[in-house]
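Engineer: Sequence:
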Amino acid sequence: MEKECDGLWDWYETKIKQAPKTKKEIEYSVSKYPKSMEENIRKITMKYTEETLSLALDISIYLGETIIKNYPNLYWGHYTRPKNEFSANRPVILGLKSKPKRFDSSRIVFVCMIKSSEKSDKNRIYDLYRFREDEFDPIKPSYWDSW
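Those letters in the sequence shown? Residues 18 to 164, per my numbering, in order.
Some hints here could point you the wrong way.
[To be verified] Label-pair restraints from in silico Cβ distances:
1. 90 / 49: 38 to 48 Å
2. 46 / 115: 30 to 40 Å
3. 61 / 154: 34 to 44 Å
4. 31 / 100: 31 to 41 Å
5. 59 / 94: 35 to 45 Å
6. 37 / 155: 46 to 56 Å
FYI, nobody ran anything at the bench for these hints, they're computed from the structure. None of these values were measured; they are calculated from a predicted model. Positions of the beta carbon are idealized from the N, C-alpha and C atoms, including for glycine.
Let the sequences and hints guide you as you build the complete structure.
Structural biologist: The structure is reproduced here in structure tokens:
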């Protein structure tokens, strides 16, 4: 993975940008949640730009393809239940040997994007890959198996 992503996240961190939400966007956000949350929703006045989100999605696909290339036992797929789970009906990597038996690369990259907007770390994706790597290998014992 090191060779595949060398410099990628460092470059991407320079592309992470936010823009102010319009009044219409704020009102739409407020309308989606209970009245009790309105005060907190109105405090969220910034959003990530379309370019930032688009690049994050591209990187998540690249990350997923890199994982599958390095671990042929894994594959793209989706699951439909439980419906209320965030990754339901979205493309995820399946075939992991430990729970959860899926890897949602887009969710992972979006969380990394948010963290990087707060504090830069050029190795964030690589470090995450290394941390989760034992879940991808069908032979190597997983950290999660000890639970």
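Engineer: Please write out, lowest number first, the hints stated earlier that are contradicted by the structure.
Structural biologist: none
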